[in-house]
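Visitor: So the protein sequences, as listed, match chains Y and D. Per my numbering, the first sequence runs over residues 6 to 274. Per my numbering, the second sequence runs over residues 44 to 373.
What the hints contain is simulated information worked out from the structure, not anything from laboratory work. Be aware that a few hints might be false.
[To be verified] Derived DSSO-like pairs: lysine-lysine, alpha-carbon spacing no greater than 30 Å straight-line:
id	chain 1	residue 1	chain 2	residue 2
1	D	236	Y	267
2	Y	188	D	236
3	D	76	Y	114
4	Y	114	Y	98
5	Y	267	Y	98
6	D	236	D	268
7	Y	98	D	277
8	Y	70	Y	188
9	D	76	D	290
10	D	70	Y	188
11	D	236	D	290
12	D	277	Y	267
13	D	125	D	70
14	D	177	Y	114
15	D	195	D	290
16	Y	267	D	76
17	D	290	Y	114
18	D	125	D	277
19	Y	188	Y	98
20	D	177	Y	267
21	D	195	Y	114
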Amino acid sequence: MVRWGARTMRYLRLFGLFFRVGMLNELEYRANFFIQVFQTVLGLLVSLGGLSIIFSHADNLGGWKPDELLAVVGIYFLVGGLINLVIQPSMQKLMEDVRQGTLDFLLTKPEDAQVLVSVRQVQIWKLVDIVLGLVVLIVAGVRMGTVITPWTAVSFVLMLLAGAIIIYSFWLMLATFTFWFVKIDNILVIFQSMYEAGRWPVSIYPAWLRVILTFIVPVAFAVTIPAEAAVGRLTPAMLLGGLALAAAMLIFSRWFWRFGIKHYSGASA
Amino acid sequence: MAVIQVDNLRKVYQVHQREAGLGAALKSLLVRKMDEVRAVDSLSFQVEVGEVVGFLGPNGAGKTTSLKMLAGLLHPSGGEAKVLGYTPERRERGFLSQITLVMGQRNQLVWDIPAIDSFELNRAVYRIPLSDYKRTLDELTHLLGLEPILNKPVRNLSLGERMKCEIAGALLHRPRVLFLDEPTIGLDVTAQKRIREFIAEYNRRHEAAVLLTSHYMADVEALCKRVIVIHHGKLLFDGDLSDLVAKFAPTKTISIHLEDDRADLSAYGEVISREEGQITLRVPRAETTRVTTRLLADMPVTDFTVQDPPIEDVIETVFAEPDATALKVN
């Protein structure tokens with residue numbers, strides 16, 4: 006346990022360092038910050054506009070009340086921000102490095118390669134999404150006026166964590182395919198648009214799409230299930246299921262990554 | 044003790060073949076014909092502590108593939124490599140923290156920030172204690188003249204400055220084995236010289252073993268007493284640079300100074316140049332002594348020198364052979 010703790014601390018410190026580099030990097034280009042704020046606010050307004058139109062015609066959507074859906078929107082921004090903060094840029098950098106052969110440098114470093122590829126590219130302005138997502142979530146919570154029980158709080162945090170792990174593992178597996186196919190950017194675009202679907206609870210979609218969004222592209226675990234937890238609708242079985250799936254995907258994606266890296270042969274002989 | 048020990052190392056690549064044209068390209072989406080390429084074929088050699096060895100061969104000879112196997116990036120298809128007693132492809136921490144890889148054609152420094160910030164990252168990844176880091180950084184800054192460039196964003200540096208920073212970043216952890224893949228490529232003569240001198244100095248100070256590939260013979264001549272030549276993945280020569288010339292240069296050049304520069308000398312050897320009494324002849328190596336004696340006896344020679352051809356030319360002859368393995372000497 007002590008070793009695990011020390012290792013986790015070390016990885017967090019590494020992430021902190023890369024975060025610092027990301028900041029140094031971004032501060033060179035100040036305009037990006039304002040563009041990001043604009044983009045996030047715009048995205049949020051579109052979401053809220055959608056909500057108000059829907060609820061001017063109906064008083065619930067797939068069993069979700071207006072304020073509950075507001076929580077979904079908040080979580081959507083929160084998780085999306087997390088993905089775009091570090092997971093997506095790091096994985097994109099991995100693909101670029103495989104194509105250009107610069108992954109070699111990373112592999113000669115005396116540190117777990119998976120950890121290095123997973124944290125080394127940080128788009129700090131995506132913090133804006135995370136902060137705004139949190140704000141929306143808090144507003145939704147206040148409007149719902151429910152008392153936050155320990156169960157709600159703990160299950161929400163656990164499901165958010167599980168969702169992040171599931172999405173991370175999913176991305177890692179996608180990115181690992183570059184070792185064989187080299188150029189797979191298109192897959193990432195597909196993921197991006199699938200994630201857009203997470204704006205709404207998956208329960209509003211037809212069954213076939215729900216299956217895809219839950220098990221093939223695990224958007225449900227990233228947004229809908231943490232939202233269920235936040236509004237206090239999560240069952241213990243769902244909680245255990247989510248945690249088990251997160252653990253399984255983490256283990257499997259690590260195995261797959263290691264398998265992929267064995268096949269890596271560099272861009273030039 | 045051998046720092047690098049390579050026995051019968053092999054690497055076979057599977058590459059897909061495709062004919063030219065759109066039709067073939069479309070077809071290759073479905074069916075791919077795979078071909079085997081032997082990038083490295085039964086390579087064996089050793090490198091001792093503190094040795095600087097030039098690793099020579101034309102493009103595609105298998106140099107980079109060999110270096111990558113030794114650095115633990117590629118799994119060998121056969122044979123065995125040991126570096127500092129470790130098996131490289133296991134990528135153990137003890138191994139990785141004692142080696143470094145520099146590739147002249149690829150950068151590892153972060154583009155938009157000053158090199159010094161990238162160095163900090165390396166310090167964390169290699170877990171270098173702060174005092175050691177400061178000492179090494181001071182030394183590298185001094186030797187490479189990095190003072191004025193460390194705090195500029197890497198994207199604003201010239202190619203030469205960038206390469207100096209790349210090399211410094213790759214040596215912060217004081218590796219004992221250096222794999223340098225064309226570290227001077229694209230640099231101007233001054234920058235090349237600077238880096239060459241630095242590598243020699245680093246090797247002298249820290250007894251580090253260096254395996255270097257370069258297409259610039261000046262690098263090799265300045266740094267490497269010993270060279271390993273490979274071609275089509277096979278070992279062609281392993282020994283002193285001077286022996287390489289003796290073994291592979293089939294000719295020598297004789298330059299003489301004659302008063303009468305119109306004299307017909309074709310009977311003695313192939314005339315390469317003739318300028319204001321200065322005539323250069325190419326003669327078979329074995330006949331150098333005989334031709335020289337005859338020339339001196341027959342002609343009113345006022346001055347003469349006998350030389351080995353330039354090392355570039357020697358290497359070129361080696362690789363120009365249709366089947367270079369026929370020349371294999373070991």
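Visitor: None of the hints should be skipped; say for each whether it holds.
Guide: Hints versus structure:
{"no.": "1", "hint": "236/D <-> 267/Y", "in the structure": "violated (38 Å)"}
{"no.": "2", "hint": "188/Y <-> 236/D", "in the structure": "violated (39 Å)"}
{"no.": "3", "hint": "76/D <-> 114/Y", "in the structure": "violated (35 Å)"}
{"no.": "4", "hint": "114/Y <-> 98/Y", "in the structure": "holds (17 Å)"}
{"no.": "5", "hint": "267/Y <-> 98/Y", "in the structure": "holds (19 Å)"}
{"no.": "6", "hint": "236/D <-> 268/D", "in the structure": "holds (17 Å)"}
{"no.": "7", "hint": "98/Y <-> 277/D", "in the structure": "violated (35 Å)"}
{"no.": "8", "hint": "70/Y <-> 188/Y", "in the structure": "violated (43 Å)"}
{"no.": "9", "hint": "76/D <-> 290/D", "in the structure": "violated (41 Å)"}
{"no.": "10", "hint": "70/D <-> 188/Y", "in the structure": "holds (18 Å)"}
{"no.": "11", "hint": "236/D <-> 290/D", "in the structure": "holds (28 Å)"}
{"no.": "12", "hint": "277/D <-> 267/Y", "in the structure": "holds (24 Å)"}
{"no.": "13", "hint": "125/D <-> 70/D", "in the structure": "violated (43 Å)"}
{"no.": "14", "hint": "177/D <-> 114/Y", "in the structure": "holds (20 Å)"}
{"no.": "15", "hint": "195/D <-> 290/D", "in the structure": "violated (49 Å)"}
{"no.": "16", "hint": "267/Y <-> 76/D", "in the structure": "holds (22 Å)"}
{"no.": "17", "hint": "290/D <-> 114/Y", "in the structure": "violated (40 Å)"}
{"no.": "18", "hint": "125/D <-> 277/D", "in the structure": "holds (19 Å)"}
{"no.": "19", "hint": "188/Y <-> 98/Y", "in the structure": "holds (12 Å)"}
{"no.": "20", "hint": "177/D <-> 267/Y", "in the structure": "violated (36 Å)"}
{"no.": "21", "hint": "195/D <-> 114/Y", "in the structure": "holds (25 Å)"}
Comparing the model with each earlier hint shows violations of hints 1, 2, 3, 7, 8, 9, 13, 15, 17 and 20; every other hint is respected.
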